[in-house]
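Participant: The primary structure of each chain is shown beneath.
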Amino acid sequence: MSNKVIYAIYNDDDILMDAVKQTRAAHHHIEEVFTPFPVHGLDKAMGLAPTRLAICSFIYGCIGISFATWMMNYIMIQDWPQDIGGKPSFSYIENMPAFVPIMFEMTVFFAAHLMVITFYMRSRLWPFKQAENPDVRTTDDHFLMEVAVHNNEEELVSFFKSTGAVEVKVIEKH
Amino acid sequence: MYTFSSKLKSFSIILMALGLLGIGYGFFTAPKNIQEVEKILASESHGEHGEVKHEVTTDGAEAHELVASHKGVKESAETTEPNMVEESHDEVKGAVAATETHEGVVSHDQVKEAAEHEEHLTHVLHQLQNKPWAALYVACIFFMLITMGVLAFYAIQQVAQAGWSPVLFRVMQGITAYLPYGSVIFFIILILCGLHFNHLFIWLDPEVVAHDELIATKSGYLNFPFWIARAAIFLIGWNLYRYYSAKNCLAQDESNDDSFYKKNFNISAGFLVFFIVTESIMSWDWIMSIDPHWFSTLFGWYVLASFFVSGITMIAMVTVYLKSRGYLEHVNTSHIHDLAKFMFGFSIFWTYLWFSQFMLIWYANIPEEITYFITRIELYNLPFFGAVVMNFVFPILILINTDFKRITWILVMAGVVILAGHYIDFFNMIMPGTVGDRWFIGISEIASVLFFLGLFIFVVFTALAKSPLLPRRNPYIEESKHFHY
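If you read the protein sequences in the order shown, they are chains H and U. Its first residue numbered 1, the first sequence is counted upward by one per residue in this note's numbering. Its first residue numbered 175, the second sequence is counted upward by one per residue in this note's numbering.
Chain H on its own, in the form it takes in the complex (with noise of 0.2 Å):
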């Protein structure tokens, strides 16, 4: 069985939407789809799943209070509870308001690091990565729709060729 997939290239992000959704609507999946720049409603287009790294952020930040939370009280109160400038550090409650700025700060941080981590992770993103764009001119000015190809080749390409696509290719992939 071959890994012939095609490359339906278009030059407006408006035809690529409409491509999109005359693509779904014919049944064909759509592997992947590459834009030069975010291309409004596109995810919803394609019936892409919504994004859970907001979920994501929202744990690590409870994280964060917790770490800082308990920093805090093994220092401060449990472990040399010194009078530092009649700060009453008998229990945690009684000296928190000196300790939410950083329990505020640790929490924005878990969040945001960890968040952004998860995403490089999930998008597998990393330095010396291998780039993987099928097309120079996707960076640029031209989205790229790509297309399985199963038996169907004729049949695909003069699907694409009507749907305003500039350029139709059919590689064999690898």
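Don't read these hints as lab results, they were simulated from the structure. Fair warning: this is a prediction, and the values are worked out from it, not measured in the lab. Just to be clear, a hint being listed does not mean it is correct.
[Unchecked claim] Taking CB as the label site, the calculated pair distances span:
id : chain 1 : residue 1 : chain 2 : residue 2 : range
1  : U       : Ile450    : H       : Ser66     : 38 to 44 Å
2  : H       : Ile93     : U       : Phe400    : 42 to 48 Å
3  : U       : Tyr418    : H       : Asp140    : 48 to 54 Å
Don't be surprised by glycine CBs; every beta carbon is placed ideally from N, CA and C.
Knowing the structure of chain H, use the given hints to seat chain U on it.
Facilitator: Just chain U, lined up with the frame of chain H:
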């Protein structure tokens, strides 16, 4: 066009009637003289106040010490609230240790103690007499400032040329229609304060000022004619903007060009400058001067944040109500979502200012500033920290979710909690300086809220029924109709 449903109309009238009855009851049951106060205190004799009196009559020596310490406490607590002195008075009894006794002056001290007791009774009398007034004052300023929050939000939307909000302009104008009524009632209450019908503002009492150097040095600013003139200017300024802005918005509907829109843009920008200056002064005059020994520089912002978020919440509540009745055809969940985001964001902004004010004073712990928070933490513990839970913890957990911001019942629930929380916030700002430890959310307080809520509903929905709910020729109205997030 919206028609004021007869059900809602009778509901608002019932609220007003119930409120009036309760307010009247509050004033009727307030004690008239110190004999009644003595009776009230005697009926609480299982509590602290009765014990104090008992000790005074039986043990002269101890009474002497009590007086001495009481005097000492009084001097050290010169900068505190009057009610703080009373607190200390009660605590002194337990804390005193026998150090010196002058048998010879016992009778003299007993006379002195009798005078102290009289003073204490007068003090409690003032607090109890203040209670219905303070309840009325809190509810009145709360609803009036909600409309100011809406008005400020509306002006910002005009100046920012927001593309999403023009479909809500008529809702905002409807809510601000309460402003003239609210300001008239509020102004009357201020005048009554000046005519010594109550002791809400102790600096208005020449007897107090004469014996209080701190207040006396502030009398260049805190004097009745200047104070009431400022109030008049602020209220007139705000009402003028509201009147002309609504008028121009209606005129724009019938116009052939955008001249009225541009006019509104200009007066809104001017109003915002006027507003931020007057808002700051307003917060000193009407709220901070209740505790005339205390001052805080970010207080104006703090008050602004409190009523601004309440105003936005009120817009969301009225919008959701009108939408559920099928009157706001072009308002979709994206508009509601935007309002919910503002509710969320400004709840956090309020908390930021609340905490900044609290933490800076707590951290430095300077005696003349910290008394403000000691009063609140010791006497108002639940309302003081409860307000933070209602205005911060609840909204941040419930409104952080994008989907929840579009669900009506969640939004209504969050809105009710936020509005109640900010009422308590104003309660916390005003009550400790007026009624001290005599606070209670009882008939007076609830009735005052019901009355102003009824009036608010009546005026706002009457105003909403007077003009079409969709501005026709606003340059951004098409964008707003198709707003989608």
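Participant: Now look at each hint and say whether the structure bears it out.
Facilitator: Against the structure, the hints:
1. U:Ile450 to H:Ser66: 38 to 44 Å: holds, 39 Å
2. H:Ile93 to U:Phe400: 42 to 48 Å: This hint holds: roughly 44 Å between Cβ atoms.
3. U:Tyr418 to H:Asp140: 48 to 54 Å: holds, 52 Å
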